[in-house]
Amino acid sequence: MQITRHEPGKLFAGAVEANGFVFVAGQVADDLAQDIGGQTRQVLARIDALLAKAGSDKSRILWANVWVTDIRNREGMNAAWTAWVDPRNLPARATVEAKLADPRMLVEIACVAAK
Amino acid sequence: MQITRHEPGKLFAGAVEANGFVFVAGQVADDLAQDIGGQTRQVLARIDALLAKAGSDKSRILWANVWVTDIRNREGMNAAWTAWVDPRNLPARATVEAKLADPRMLVEIACVAAK
Amino acid sequence: MQITRHEPGKLFAGAVEANGFVFVAGQVADDLAQDIGGQTRQVLARIDALLAKAGSDKSRILWANVWVTDIRNREGMNAAWTAWVDPRNLPARATVEAKLADPRMLVEIACVAAK
Numbered sequence: 001m002q003i004t005r006h007e008p009g010k011l012f013a014g015a016v017e018a019n020g021f022v023f024v025a026g027q028v029a030d031d032l033a034q035d036i037g038g039q040t041r042q043v044l045a046r047i048d049a050l051l052a053k054a055g056s057d058k059s060r061i062l063w064a065n066v067w068v069t070d071i072r073n074r075e076g077m078n079a080a081w082t083a084w085v086d087p088r089n090l091p092a093r094a095t096v097e098a099k100l101a102d103p104r105m106l107v108e109i110a111c112v113a114a115k
Numbered sequence: 001m002q003i004t005r006h007e008p009g010k011l012f013a014g015a016v017e018a019n020g021f022v023f024v025a026g027q028v029a030d031d032l033a034q035d036i037g038g039q040t041r042q043v044l045a046r047i048d049a050l051l052a053k054a055g056s057d058k059s060r061i062l063w064a065n066v067w068v069t070d071i072r073n074r075e076g077m078n079a080a081w082t083a084w085v086d087p088r089n090l091p092a093r094a095t096v097e098a099k100l101a102d103p104r105m106l107v108e109i110a111c112v113a114a115k
Numbered sequence: 001m002q003i004t005r006h007e008p009g010k011l012f013a014g015a016v017e018a019n020g021f022v023f024v025a026g027q028v029a030d031d032l033a034q035d036i037g038g039q040t041r042q043v044l045a046r047i048d049a050l051l052a053k054a055g056s057d058k059s060r061i062l063w064a065n066v067w068v069t070d071i072r073n074r075e076g077m078n079a080a081w082t083a084w085v086d087p088r089n090l091p092a093r094a095t096v097e098a099k100l101a102d103p104r105m106l107v108e109i110a111c112v113a114a115k
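Here the protein sequences come in this chain order: A, B and C.
For the first sequence, my numbering begins at 1 and goes up steadily by one.
For the second sequence, my numbering begins at 1 and goes up steadily by one.
For the third sequence, my numbering begins at 1 and goes up steadily by one.
Honestly, I wouldn't trust all of these hints.
No distinction is drawn between identical chains; accordingly, a pair holds when it is met within one copy or between any pair of copies.
Computed cross-link-like contacts, SDA-like style, restricted to lysine to any residue with a CA-CA straight-line distance of at most 25 Å [what the hints assert, rightly or not]:
1. K99 with T82
2. K10 with G37
3. K99 with Q42
4. K10 with E75
5. K10 with S59
6. K99 with D70
7. K99 with N78
8. K10 with P87
It is worth saying that the hints were derived from the structure and are not from the lab.
Working from the sequences, and respecting the hints, build out all of it.
In structure tokens form, the structure reads like this:
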């Protein structure tokens, strides 16, 4: 099985392809001054970019894991998610609360897509 | 790679099939008045139903992620899990504590199965 | 799709193989008196051992999920991770805070690898 790694950093890669699947690392917003809506939109744009590098797109997402630092921000996250996701091609998803690497981070999303 | 999506809702699908794998969304109990044992049994029944729609079953689960809102409820969750899981076909699993979408929810489980 | 299960326990298996992928259960340290560095090294050694049983190794990891009980321990976990991971073959990864089964546990890591 051939493995292709995109955007390798110091600790992990942005996305890894194998056997037609694309594993996208947990993405966070670039601008941590944004509110939950703004941060979620930035996270989803990062996912778009990584999926594009792997030859996939949001209509091919199979599974997503969403972490919000305050579960009450779930509504704001979902509003940005709904505006972004392909309604005819919804992935499976789990959303739970968790503290993230920086206290200003409000949301992190990882996913698995098909090519 | 063909993708089949089961029980699409507003935000996500209940289960998504691709290349012989089934990704089941994080399931929660229908009756949130139940205790940890009752909620876990309802979650596992939901997983059974979704796997059946995808042509799989609990003996084919590869991986499960369990979230409990209070890690001390792990014992009660495990008792229901043990009564349900196929002991000759145990999946890999990770169990951690996390707050969930509704404060009455005590447990959420997502999994990946083979068809 | 043939499924091979390694180190089945009472509740779950240590690793499960299917279709060229290896799903490794959330691993914790054996010696819970160790600090974050020591526990992370033990967790990574457990992952090495499970991947070896499945005919894979750390250079073939596609995705990892790291849970630390205190996000401030992320630095100590990352130091052990960096000393261990194959820098030319970095997996995608997500790291969040979560309480684990035993209050002495500081880190748990699960992963998916290719054979």
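Results for each hint:
1. Taking the closest pair of Cα atoms, K99 and T82 come within 25 Å of each other both inside a single copy (23 Å) and across two copies (22 Å).
2. Taking the shortest Cα distances, K10 and G37 sit within 25 Å of each other only across copies (18 Å), while inside one copy they are farther apart (28 Å).
3. Taking CA atoms no more than 25 Å apart as the test, K99 paired with Q42 passes in both settings, with 18 Å inside one copy and 24 Å between copies.
4. In the homo-oligomer, the alpha carbons of K10 and E75 lie at most 25 Å apart only across protomers (13 Å), although the nearest pairing inside one protomer, at 33 Å, exceeds that limit.
5. Taking the shortest Cα distances, K10 and S59 sit within 25 Å of each other only across copies (15 Å), while inside one copy they are farther apart (30 Å).
6. Within a single copy, K99 and D70 get their C-alpha atoms as close as 8 Å, and across copies as close as 9 Å, so both meet the 25 Å cut-off.
7. For the identical chains of this complex, K99 and N78 are neighbours both inside a copy (18 Å) and across copies (17 Å), given an alpha-carbon limit of 25 Å.
8. In this assembly of identical chains, K10 and P87 lie within 25 Å of each other by CA distance solely across copies; the values are 8 Å between and 35 Å within a copy.
The structure shown violates none of the earlier numbered hints.
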